[in-house]
Amino acid sequence: MPFGNTHNKMKMNYSAEQEFPDLSQHNNHMAKVLTPEMYAQLRDKETPSGFTLDDVIQTGVDNPGHPFIMTVGCVAGDEETYEVFRDLMDPIIEDRHGGYKPDDKHKTDLDPENLQGGDDLDPNYVLSSRVRTGRSIRGFCLPPHCSRGERRAIEDLSIQSLDALDGDLKGRYYALKNMTEEEQQQLIDDHFLFDKPVSPLLLASGMARDWPDGRGIWHNDNKTFLVWVNEEDHLRVISMQKGGNMREVFTRFCTGLTKIESLFKERSHEFMWNEHLGYVLTCPSNLGTGLRAGVHVKLPNLSKHELFGEVLKRLRLQKRGTGGVDTAAVGGVFDISNADRLGFSEVELVQMVVDGVNLLVDMEKRLEAGDAVDDLMPEQK
Amino acid sequence: MAKNCHNDYKMKFSSDDEYPDLSQHNNHMAKVLTKDIYAKLRGKSTPSGFTLDDIIQTGVDNPGHPFIMTVGCVAGDEESYEVFKDLLDPVISDRHNGYGPSDKHKTDLNFENLKGGDDLDPNYVLSSRVRTGRSIKGFTLPPHNSRGERRGIEKLSIEALATLEGEFKGKYYPLNGMTDAEQEQLIADHFLFDKPVSPLLTCAGMARDWPDARGIWHNDNKTFLVWVNEEDHLRVISMQKGGNMKEVFRRFCVGLQKIEEIFKKHNHGFMWNEHLGYILTCPSNLGTGLRGGVHVKLPKLSTHPKFEEILTRLRLQKRGTGGVDTASVGGVFDISNADRLGSSEVYQVQLVVDGVKLMVEMEKKLEKGESIDGMVPAQK
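So the protein sequences, as listed, match chains X and L.
Using the working numbering, read the first sequence as starting at 189 and increasing by one per residue.
Using the working numbering, read the second sequence as starting at 732 and increasing by one per residue.
Next up, chain L with everything else stripped away, as it sits in the complex (with noise of 0.2 angstroms):
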């Protein structure tokens, strides 16, 4: 392994003056990375270069949210995860639950496990939603990569997108040369992602050399989206109006193996192990990646003193419906699975079609002036 001089060049300086002033923040980096294990790792790199300042670099600029609990640092690549445990695991930790250096996570994408979830009562479920991330074997990640590999992934993917059919057809739209017809009509779907302005992502590296080799591909139905090189690799969302989320589970299932089976011809698989299941960007994102969600109307069940208890007991959090961050408008929220490391993607989707099922449940007894006590769920 070739030499990363600027980093042996700050070896000069001794450990504590290198460190991170950390004593504003509050993320999970923060909260893990202690002077000593600053001074184990911080001699070491990837085989791509990546290092630990380059991990923890998100983190030290952005102290954090008071509300939101940031976890402050990327990888750079499929190593990261390994060279920089003694890092990451502590934050993988805290971040999912306790879940221990030597777990095993289970990856399940056989729709056919979902039980029930096709009849979420329209009148309430306004709209249904998977989406995951998929980072390729053998680049390194968006904090990381430079514009060759980048322009690399864009053409496996549009070849491996090219070949879907039926369902699954569909067309490329290169962030560089859409038209400004096509522009309108990917915001009008609300498919159009734009360069990060969020400095948690900005600070990590992720939007340099913006918009090369950044892109939006869609079916023609309009229900399976994937984005290429924004803050993985691969963004995949599978949605729809109404409350059938079997279909879009199914969908999303059988579109990611189609995806996935193209891409191993090329030798080019997804980053995925048996610890951390797949490989993402971000550490909140290992094991699944999978945010499966509903926009669903609970007016009143919202504002009751019981619901934010509720939604933990299920496992289940609330966003605004203009995603993480954003308020909620006229009794609408967006409903989805806080977990994303140690269960699958099936029991992820069942805790959401079987917690939104109950929560509407109680929406139309208060509707109806009665109690919902009885109904509380034990902690799932």
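Bound conformation, chain X alone (with noise of 0.2 angstroms):
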């Protein structure tokens, strides 16, 4: 990004307040919680790598926000950003993550035994299902701030490990950059792609820049398991597959990351993690397990019903249209999955998922034979 922290300097010829982002059309969380004084006291600081406050903030200043969606209006640009400027980031982090504060110890629970059944999710209902999280690379810069030459080596150090994986894992690594018309369709038709971001909130803070150096995208040759590398995260992991079978997708899913993970520890780079935020991701809203767990279900009924948004709260359960966040279920279908991310490990939201999915089905099916679904209102999670 053009500040630099030289830039950062001069800046200080200038006051605090004639630098002080017009906060006054903004709705989301950095917004909310920057005040000039904290302004003022965070404007001089800078991470080791050179990632200064304006850095930090500068997408959420371009960015006034959603009236519906509350965003998170800052982002990492590496993995000391979350210390250096905690006073900005922890009330951040507590107000987007339930409360959860500054001294909190968050669990990581990759052991795919210890969910409880999640194997039959009934088809008829259930379309698909689908495990994703990022992980950070440790020693390089995130998204926002890294170099071409820190997101190549990113790049390289994957496509070794990632080489690596036999067995159900063994596959593939597609470059952005030198794709074939005929992979790039199949990768369409698989509904792999990512293509360079359009979104202004990813835009605005620099994850876009030399697009699409060192982007690409792995998958196994069953097509089940797929990385995205150096996209909004160093990687996304993704595990899915069609139908309610969400107990296998979670077991690749913590499998495969697993040995991605002793792959990259052979060649002496580890994941960002700390005891207090998990996992270290470029955007706070996905610390901790990074986990977005979720089904394509069919719920025409049940989405009607006035009680839907209120059952999903209790359950800690989100809904999103088919096409991802902020896009409209089509035919009564929904993209349900699990609000938290910090403060709850992978086995307890995936389980928060399966539970959940399992009581929305047995609701539709109320529904369809005309009963009620009253007695089966679930307390709050």
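Treat the hints loosely; a few may be bogus.
Below 30 angstroms or equal to it, Euclidean Cα-Cα: the simulated DSS-like pairs (lysine-lysine) are [claimed, not checked]:
1) L:K926 x X:K197
2) L:K762 x X:K384
3) X:K197 x L:K816
4) X:K197 x L:K743
5) L:K886 x X:K233
6) L:K766 x X:K384
7) X:K293 x X:K233
8) L:K766 x L:K816
9) X:K411 x X:K507
10) L:K816 x L:K837
11) X:K197 x L:K996
12) L:K775 x X:K233
From the structure, some residues in chain X lie toward chain L, with a derived Cβ separation under 8 angstroms [to be verified]:
13) Y202
14) E207
15) P209
16) D210
17) G238
18) V249
19) S335
20) R336
21) G337
22) K365
23) D398
24) W399
Looking from chain L toward chain X, a few residues come up when the C-beta cut is under 8 angstroms (computed) [as the list claims (entries may be wrong)]:
25) Y740
26) K741
27) D748
28) E749
29) S779
30) Q788
31) V791
32) D792
33) H875
34) R878
35) R882
36) T933
37) W941
Hints in this document: simulated from the structure, not taken from any laboratory.
Glycine included, every Cβ here is placed at the ideal spot set by N, Cα and C.
Dock chain to chain to rebuild the complex, using the hints, since each chain is given by itself in its own frame.
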């Protein structure tokens, strides 16, 4: 990004008030938290790699927000951002992650044996199951800030590590910049291809620089395990398949992730993780597990029920359209996934999805039969 | 000078590891930037902290247009053109007809030196307009400046423009805080500029903090207009309907000079030097930064096989009436000077005046079914 810390020092010639952004039209987490006093206190700081307060908040200044979606409005440029700028990040994290405190500990649990059930979500209703997360590689700056050299090194490391996977996970890497037309079409058909970000939320933070250099997609031959390299995070890891066997999806997810982690360690690189924030990712909303586990499920009756929103809330689930975040549902089919990321383990979150979706399908069947669902209303989890 | 530690951090990687992939690229920067130049310049930064990667980011992110040769780099401050001259001098030479690193640029804003120009036929010439840009010394440029700097520029501009009188008396409309009615009026007058959508500009960081400290000033007569903090610190525009380019240019020169005096009094003159003339964000606008043009009806001439050749010889370029990269509508073209650096303001406007006059004569001949072969000019 154009600021750099030398420019940051030059900006000190202006008062904090002169530099403080106009947030009067804004509705995002950063704007709610960033006071002029906090700005004054943090503005001369920088991380060892030169990420500054203005770099952290630029996306939130440039994107006032959405009337219905509460965006985060800030990003991390490296692992140290969450420490150096904790006076800003801690309240945002608390606001976004259900009251998570600065001294809370986050539990990581990637043992699929700890999941109960989940192999028999009714495939007449549950069309597909998917689990995704992100990982950052310690020692490199994050996508808003990394240089081409860093990004390419991340890509090289990733290709080396992923190439060593075998069995069910054996697969292949497709670099975005020299994909053939056929490969591109196939990846589109498989719903695997990611494209240059168009969302101003991402563009304003500098994540699309040098596109498509260093970016690519790896997937296994079975097309059930997928890794995105250098998109919004260093790695995005996705396990998916048709039908309702979330247990199998999660098992593959955990096995694959754990293998990848050890392959990186063999090459002297580990994932960014600490016991307070769990896995460290670019967007504060993805801290902790970075995990979104979800299904595409047919709920035409339940979704029209007046209690639908309340049920989801109590189950700690959220709905999206089948095009992903901020899309509409089509044909009564919804994307239902965990709402939380931080403060719960991976197993706990997937358990919530498994148990919650089972209940939602039961409710749907009740409504189909013309029966009431009131007695099925869950407690707040 | 303080350490630029993100740039230092990148130096851990070899030059080859950091060198951009320009294999799909077709812009001036990509044509010039070799691995050797990259290796030589990547450890440098200007006093305000602008680095080589900052300069070229827009050109890396935007490979180019098959028909338009984009520049692919920007300046972040006045010193960019000095610190990174090994890159920018060849880009400038390529873009500005072989302009050399030791060439001198002439500034001439004396409108009296323009000959004629008050009688372009209004049956053909619908409107006349002259625009340029100005950068204010002591501030970094739009790709790089902070909110504090941008607000400082706005404040100075408002003060300066508020002192203008007579034909130049006018009002400032900040983008942030415009009423709906004001906005409608500015759109109807074709004055309003909006947040850049072109990735050429957004990738260079020019749209940061929008719309903070951006605004439009215009005189009561609606013939003189200043944009504050868009692609340059200031864009100055003089315009009116009809073919009296002389009057448009007079107002342009007088207004510009008045504004410059006021900025000088505040110890913030315009960025200028005898080699590059007026310093602006994009290397394509160095020198005069001037585009003088008309909207002119040339339905017959524009379909003549020699139209392009005539424009080239007259050192003019055509655009659609929506501006750069738009199509012409109803045979009406935007015709303006092609050059910016290496010739003066008077010279460039003279080319437009003389050239448009000739083309209108040609149009009239073609209307009568006569040939124009004898009228095709020599290369200027």
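Here is what the structure says about each hint:
no.: 1; hint: L:K926 x X:K197; in the structure: holds (28 angstroms)
no.: 2; hint: L:K762 x X:K384; in the structure: holds (24 angstroms)
no.: 3; hint: X:K197 x L:K816; in the structure: holds (25 angstroms)
no.: 4; hint: X:K197 x L:K743; in the structure: holds (23 angstroms)
no.: 5; hint: L:K886 x X:K233; in the structure: holds (28 angstroms)
no.: 6; hint: L:K766 x X:K384; in the structure: holds (26 angstroms)
no.: 7; hint: X:K293 x X:K233; in the structure: holds (26 angstroms)
no.: 8; hint: L:K766 x L:K816; in the structure: holds (16 angstroms)
no.: 9; hint: X:K411 x X:K507; in the structure: holds (25 angstroms)
no.: 10; hint: L:K816 x L:K837; in the structure: holds (20 angstroms)
no.: 11; hint: X:K197 x L:K996; in the structure: holds (27 angstroms)
no.: 12; hint: L:K775 x X:K233; in the structure: holds (23 angstroms)
no.: 13; hint: Y202; in the structure: holds (3 angstroms)
no.: 14; hint: E207; in the structure: holds (4 angstroms)
no.: 15; hint: P209; in the structure: holds (6 angstroms)
no.: 16; hint: D210; in the structure: holds (5 angstroms)
no.: 17; hint: G238; in the structure: holds (3 angstroms)
no.: 18; hint: V249; in the structure: holds (6 angstroms)
no.: 19; hint: S335; in the structure: holds (5 angstroms)
no.: 20; hint: R336; in the structure: holds (5 angstroms)
no.: 21; hint: G337; in the structure: holds (3 angstroms)
no.: 22; hint: K365; in the structure: holds (7 angstroms)
no.: 23; hint: D398; in the structure: holds (6 angstroms)
no.: 24; hint: W399; in the structure: holds (7 angstroms)
no.: 25; hint: Y740; in the structure: holds (5 angstroms)
no.: 26; hint: K741; in the structure: holds (5 angstroms)
no.: 27; hint: D748; in the structure: holds (4 angstroms)
no.: 28; hint: E749; in the structure: holds (4 angstroms)
no.: 29; hint: S779; in the structure: holds (5 angstroms)
no.: 30; hint: Q788; in the structure: holds (6 angstroms)
no.: 31; hint: V791; in the structure: holds (6 angstroms)
no.: 32; hint: D792; in the structure: holds (6 angstroms)
no.: 33; hint: H875; in the structure: holds (5 angstroms)
no.: 34; hint: R878; in the structure: holds (5 angstroms)
no.: 35; hint: R882; in the structure: holds (6 angstroms)
no.: 36; hint: T933; in the structure: holds (7 angstroms)
no.: 37; hint: W941; in the structure: holds (7 angstroms)
Violated hints for the displayed structure: none, as all numbered hints are satisfied.
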